[in-house]
Amino acid sequence: MTAPAANEPYALLARYNRWFNERLYEACASLDDAARKLDRGAFFGSIHRTLNHLMLADKLWLRRFGAQPGGFRALTDEVLALPPFTGLDQQLFEDFDAMRAHRVQMDAAVEAFIAELTPAFIAAPMTYQTTKGAPFTQPAWQVLSHVFNHQTHHRGQVTTLLMQAGVDPGPTDLLVITR
0 MTAPAANEPY ALLARYNRWF NERLYEACAS LDDAARKLDR GAFFGSIHRT LNHLMLADKL
60 WLRRFGAQPG GFRALTDEVL ALPPFTGLDQ QLFEDFDAMR AHRVQMDAAV EAFIAELTPA
120 FIAAPMTYQT TKGAPFTQPA WQVLSHVFNH QTHHRGQVTT LLMQAGVDPG PTDLLVITR
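Numbering that gives the first Met the number 0 puts the first residue of the sequence shown at 0, with every later residue one more than the last.
No lab work stands behind these hints: they were computed from the structure.
Just so we're clear, the structure is a prediction, and the values are computed from it rather than from any experiment.
Certain hints may be false.
Think about it this way: if two alpha-carbon atoms lie no more than 30 Å apart in a straight line, the pair counts; the simulated DSS-like pairs of lysine-lysine are [as the list claims (entries may be wrong)]:
| id | residue 1 | residue 2 |
| --- | --- | --- |
| 1 | Lys36 | Lys58 |
| 2 | Lys58 | Lys131 |
| 3 | Lys36 | Lys131 |
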């Protein structure tokens, strides 16, 4: 067995990200808008607000990647478009169907972005600013790992909220897509 290419683990995580989001949005679509927007006591309150937070965080991180030297073709202005930042609970989409359609576009952009990664970029330091303006520099591989871990964390919250609402999202383990 040979070692994977430098971006191969991230390509798997991007594919998992798309697969999980497709399943998650399909499960969420079985609820009506009021049920999706019901405050269920989660960190962001509702299923809808948690999905919005994930979209916002993905856009913030992709903008940071796009600002790195060399840029990435997959990170188009349309993908990176954001209104002025107001907070991590900022709502980008009130309409579930519009958010779902944009999620599909975002997931395709994430996969295309990952395909553009080089071993040099993955290993190199990445400098960015937090939403509060604090500068940080750390290896890009750590930032990439955080982005995918963050997505999984909040999707896990959504699956719990779905189960509480009586909707079983089914298996969500990464290994399901590798078998």
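Status of each hint after checking the structure:
1. Lys36 / Lys58: Roughly 22 Å separates the two Cα atoms, so the pair holds.
2. Lys58 / Lys131: 16 Å, holds
3. Lys36 / Lys131: 28 Å, holds
When held up to the earlier numbered hints, the structure conflicts with none and fits them all.
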